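Starting from the known structure of chain A, arrange chain E on it as the hints suggest.
Just so you know, the sequences run in chain order A and E.
Note that my numbering has the first sequence beginning at 1, numbered continuously upward.
Note that my numbering has the second sequence beginning at 1033, numbered continuously upward.
Be careful, since some hints might not be right.
Said to hold, decoys possible - Negatives, chain A to chain E, calculated, CB over 12 Å:
no.: 1; residue: S72
no.: 2; residue: N277
no.: 3; residue: Y361
no.: 4; residue: N663
no.: 5; residue: I837
Unchecked claim - Listed next, the stretches of chain E that the computed footprint assigns to chain A, with coverage defined by at least 3 CB atoms under 8 Å from CB atoms of chain A:
no.: 6; region: 1076 to 1088
no.: 7; region: 1395 to 1403
I should point out that these hints are in silico values taken from the structure, not numbers from a laboratory.
For clarity, every value in this text was computed on a predicted model and none was experimentally measured.
Quick reminder that beta carbons are idealized off the backbone N, C-alpha and C, glycines included.
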Amino acid sequence: MKHKLLLMMLALVVSSSFAQAQSVSGTVKDAETSEPLPGASIQIKGTSRGATADLNGEFKLSANSGDVLVFSFIGYADKEISYNGQTNITVSLDLDISQLSEVVVVGYGTSTKKELTGATAKVNAQEIEERNVPRVDQALQGAVAGVNISTNSGAPGGSANINIRGISTNGDSGPLVIVDGIIYDSEGLNALNPADIESVNVLKDGTAGIYGVRAANGVIIIETKKGKKNTKPRLSLSGYYGVQRTAKTLDLLNATEYAVLKNEAFAANNQTVPFNNTNLGEGTDWQDKVFNDAPIQNYNISVSGGTEKTTYNIGGSYFGQEGIVGGDKALFERYNARVNFVTEILPKLKLTNVLLYTNEYSKSLPQGSIGSVLYNAANAYPTEPIKTDGRFSYLLNVSDVINPFAQIENTYNDSYVNKLVGKQELEYEISDHFTANARVGYNYAVVDYKEFGPLAWYGAGKAQNTAANADLDPTTVQIGDEVGGVTLERGARVTESKSSYLDYLVEGFLNYKKTFGSNHTVKSTAGFSFNEVSGSQVSGTGYGVPNNDVAFADLSLVTGIGNGYLNNTNSFQYLDRLNSIFLRGEYDYEKKYLFSGLIRRDGSTKFGSNNRFGYFGSLSAAWVISDEDFFDIEAIDFAKLRVSQGWTGNDQIQPYAYRASLNGEGQYVFDDVIVSGVALGRVPNPNLAWESTLQTNIGLDLTLFKNFDLATNYFIKTTTGLLFAPPQSATVGTGGAGTEPSFKNAGEVVNKGFELDLDYAFKPSKDFSFSVNYNFTYLQNEVTKVPGGVDFVPGTGFSVGGNVVTRLEQGFPIGYFIGYETDGIWQTAEEIASSPISQPGAQPGDFKYVDQNGDNEISFGDNSDRTMIGSPIPDFTMGLNVNANYKGIDLTANVTAVVGNEIIRNYERQQPYANQLAYNLNRWTGPGSTNEYPRLTTGLTTNTNFSDFYVEDGSYVRVRNIQIGYNFPQSIAEKMGMTKFRVYIGSVNPFTFTRYMGYDPDVGSSDPLSNGVDLGRYPQAKSLMGGFNIQF
Amino acid sequence: MKFYNKILMFFVAVLGLSFLNACDDRLEVDPLYTIDGDSFFNTPSDYDRALTGAYDLLQTSYLNMWIGEIASDNAIAGGESVTDTPGLHEIEAMTHNGVNNELRSVFSFNYAGVVRTNYLFSNKDKLDFEGKDEIYAQAHFLRAYYYFQLVKYFGDVPLILDRLISEEESTSLERTPASQVYEQIEIDLKAASAGLDWTNSVKGRVTKGAALGLLGRVYLYQDKFDDAAIVLDSVIDMGPYSLINSTTSEEYADLFSVNQEGNSESVFEIQYSGQEGGSYGCLVCLEGFAAVGFQGIRQYTGPEYGDGNSYNLPTQDLYDAFDPSDIRRDGTVLDIDAFIAEQDNPGDISYAIGGGGHTGFYNNKYIKRLDELGLPDNDLTSPVNYRLLRLPDIYLMAAEAHNRKSAPNDVKALEYLNDVRARVSMLDLSLSGQALTEAIWQERRYEMSGEGFRFWDLVRTGRAASEIEGFVEGKNELFPIPQIEIDLAGGNWSQNPNYN
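So that you can see chain A by itself, here it is in the shape it has in the complex (with noise of 0.2 Å):
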């Protein structure tokens, strides 16, 4: 065999260097349209050797009887030729509808979808963009099955979760994300403009394991647009403008059915009823007011193009988004520009170059908790009006809920981000078989903040009163005791703060591919990888800005009254290392049996010494069952079996964490005055270690007449050693105040799923074509171990001061809801004596409550009788992308469905006058009335206890995005100088259906023991936009 190997390679050099080649040029087509494919690759089969199809598509190269030119080009499927001699050769190829020669961006390194081993999913740019949306992780809603987008506000600037594959642990699960090779946090993704992107890969499995201890979310690969080689230059502009508006809104009471609902509950309580006339008509819907409709436009520019030696795209565009909550007040606004630009500076070496500039502007109201503008807006009563007086009304009758208006007015905050990403790759072809790469990819962002704090009014008794009366006056504060202390004026505040932050990236790999004899190709990828994550703050704050006056909101100009004793200044500064080493070695026998291992290294300076260095990696290997002699069904035309394996981490974790710190709280009075010495703050734990995630992974992809695709995969993901600080015993010191837990490697989550992936595509005509894609994710979520000596991890409280109800158990679902479950409603008197089961304080028109433990009473103050009732997490997810194409027409719509999940609905404040949904409405009156909806009173009930009353089905069915567009004939384009013109009206989130009462069912959130809580969501807005798209 070696001997063979090397006679072979001898045979190789020998051909090459003596055999006498011959000068041939042709021209690569569309073999639909006949128009050239300028850019298309020519290559000389087993070799490096080849040549790019110039502008008309033309090329030339040198090649000897009896080679193999090999045509490809992207999106056509590729096509062989025998060289025997021709001098031109015209060569037409064919769109490659079954994409299995697709390109798919792995860790350091390509490959074809025919090859892959592992689970992966791509988006194509055209998907992205046509979605209009302002973030790319929102345009992967719905598109691959495994990933689930969830929002965690609607508000502009807004972000999402991702979550592939479930979410793993109750710390970050957020997936790793490279952009043209350089890690970008979740946040930095506002950065980026989602009409710049090429692609987005998803690695789901474990192959993920080439990023090591940063891949146990699921690593997202994104890669922008980059100009084609002999092009001539390209200016696109395309834009557009749309209108937003609330999807929803609450159904509340109006005035009369309020006034009618509180006099009945006020008198169960025997208390004096509040309104003597019930007739007061519709009163003021405060939602009404407080929604807006709000533009919503983005357009950009851009010029691509290529020489023989050199490619550019080069672009720059504008995103406005203003808020349908509060307008201006809350909006996000962004620029880019853009430079990607790759050059050949010397023979075989290759520079690419990405810069990316971006500007945002964003200014927020508060949202997504208590105290949000919607709540205050939900819960307000329609009794009020918005004025009184001349000025906003105060609401009195209800404590903590002001005045959303006036709270709108008041809310003054503006952030600036100005971020530079960039890299600069070198990329030398250092023999046939050998490539090497060197890269630096850098992230530099600058964070200004500036929030304004004026003095406030918002009503007698409001927790949120800045001022100490309506006419402004400000509070007064004492300092120190009252011999030798003083009593200031706290003026209004100010609050700056300017952060940096920088991360670096240097990465070094090299490449290696050969095929020996026509069978046997090896694939190996060898490099190191060196990241460094700094960040830093410095803040102030400042009392006294003159006149009350935003236009003097600045610390410069503070008064710092009382020699400055209220103002004060903070910083921090972190820094994280990650080193990192890894190897990739592929085979393949004939492209039919392929396999594939990956080992990586990383040592994290998240971790002390103990386990500063971890190893993860993968095995997997796939089988193409239709490559078989002995596979002979017809109408099955490619098949392969797809089995992996691997070890990926997760050490996302705040930095230090395992050491002692000393930050604890450590004072006593020493000649009576408080004298501040040192405590251990966290506790140390030397052999916190990462959360490592085990998964195997078991796919089949089959094409099916010619046409039809589908990949699924079966997974089943443990992620072992969460990282959290549960309770610890006390000897290790955390009694003492500030002395927390110390971080360990706690629990275990378990996903196991079910994914598809069909796509469709059907071109009948060279008028009409049709493509589908439909994606289903099954999954399964279940928290198999919680930490030593601890029950459960709790997580997040429902109402004002009320039980924690979601949490982190063993045997239930990540961030599961636990609470009463309802039986129906007492009827009567009679039926609570003589029920067998006992419910202290039950009155009719009660809740009647599932007795749990069979103890025949329902217990209220432990956990006796409160069982599981709902989960945030699906049971399944589902997309549907539609794309059709008749002449000039075509028409886009993607809709995305969640199925099988519960929402915590908890907006709803429990005080005597805040503004209640209609469904009471429905409430009990009296035997027989209803058997769903208690009575209402004013007094103490236990209706208020969190049951599966307060919690709903959150599935939902959502389209996305409808577009409908219209390209003009090349003839009527080319008179106006263009060579394409598309307009399109579109429409984002048009249609919801869902039987949830809130805002929005789509209530994500980054802390899993979060999800699904419903604060009063800023919902997503739907809107209508019209756009065009116009090449030159």
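Chain E only, in chain A's frame:
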């Protein structure tokens, strides 16, 4: 492949590997601008600051105050309702078990104190400097104090010395027999007394008297009367202390005021300040004495006192135990209705009765007074110091030691007893043997009530079952180890006898 390519590749490989090696070194990153536990103890002041951190946990003594009284026949839990600090209500009723927040606090606060002293001991050899011995002598005292609390409440507890244990190790610790813990406490206190002077210019520091006084108490709790007598005699004979006479109950109560802090009877006080506010959510963070505000009169408006949360209310039994002529009765117990009636304008004075119980009495030694308010927050942060060791206590302990030691010296015992009585104008007694013992115990109740010692005195003298309703012999001498701590320590400890 051409030759120069091979050389190039070789260089690339060498460069790559050396870069990698350099990079591994770069993983040694120290946190920026952070005081870090691993890189501390570089200057003498570092040691002093760590010592201050170790003192901090003394300030959790509000729990001594409550549990020592409420568990005994002296007081009830009180408060707003029976679910207001339920742990104390359970202790009052002697129904407490392994799930009790207050007992968990005792366990975790005192271990935090132990860990903070061990942090000092584990770095003892890092630096030598003048004054180091004094710092470590104080640390010995503190460790002994914290362990004494633990062994007193829970019996056998893991004895960890001179090192910090990891979380991992904490799950496999064994409970150390109480006798060994006591042995270590004695060693620590002897080391403390050897390294300290009788006085310290800084108010609040541990002195030789504090160490010896606590050692005397530790001996007494183990019935080591011979040793106790010697040690306590030395405090009385050599210490810079003297008894203070009081002629009225006001004068007697004033001994517990801010004004009288550090008076000649004061052997050791836990120091508090009213300068910093606090929150109910973190009582361990307080710099003021939480017990005082909590023990204040509920919704009181009137002269002299401030309003509070009606915790730890003295019982009729305690009030009736006193000789009516003893000024210490009204000095110790405030009969609120009688007090109001005595005022010029009783109609203008009001207070509320809490749902957690009412006896008509308040703790007059530690109670919120209008002239002793904490400034930013007077509910939680009283500036009043907690008197951990007072000279009359030393006298009474010495009396008991002499009376009960192997060769009793009742003359000396009686002399000490009568000294304590004489300072509050009580007649001399003339007793010996068991009668004297009983008299000394009674005197302890008169002198020490309301300060958190009663329960322990009853337990150590075997009288708890007869004096405390619900007290079960063979069970309630110790408190149960908090169940969660058993679980967190790996679940291997057995609970204290007769707690399920």
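Taking the hints in turn, this is what the structure says about them:
With a least beta-carbon separation of about 26 Å from chain E, A/S72 lies farther than 12 Å from that chain, consistent with its non-interface assignment. Every CB of chain E is more than 12 Å from the CB of A/N277 (nearest about 39 Å), matching its label as outside the interface. Remark: the non-interface label on A/Y361 is consistent with the geometry, its nearest Cβ contact in chain E lying 30 Å away (cut-off 12 Å). With a minimum CB-CB distance of about 7 Å to chain E, A/N663 fails to clear the 12 Å threshold, and the non-interface call is violated.
No Cβ of chain E approaches the Cβ of A/I837 within 12 Å, the least distance being about 23 Å, so the stated non-interface status holds. Three residues within the 8 Å Cβ limit are the bar, and the region 1076 to 1088 of chain E against chain A gives 10, so the coverage statement holds. Counting residues of the region 1395 to 1403 of chain E whose CB lies closer than 8 Å to any CB of chain A gives 0, so the stated coverage by that chain is violated, three being the minimum.
The structure fails hints 4 and 7 (numbered hints given earlier, in ascending order).
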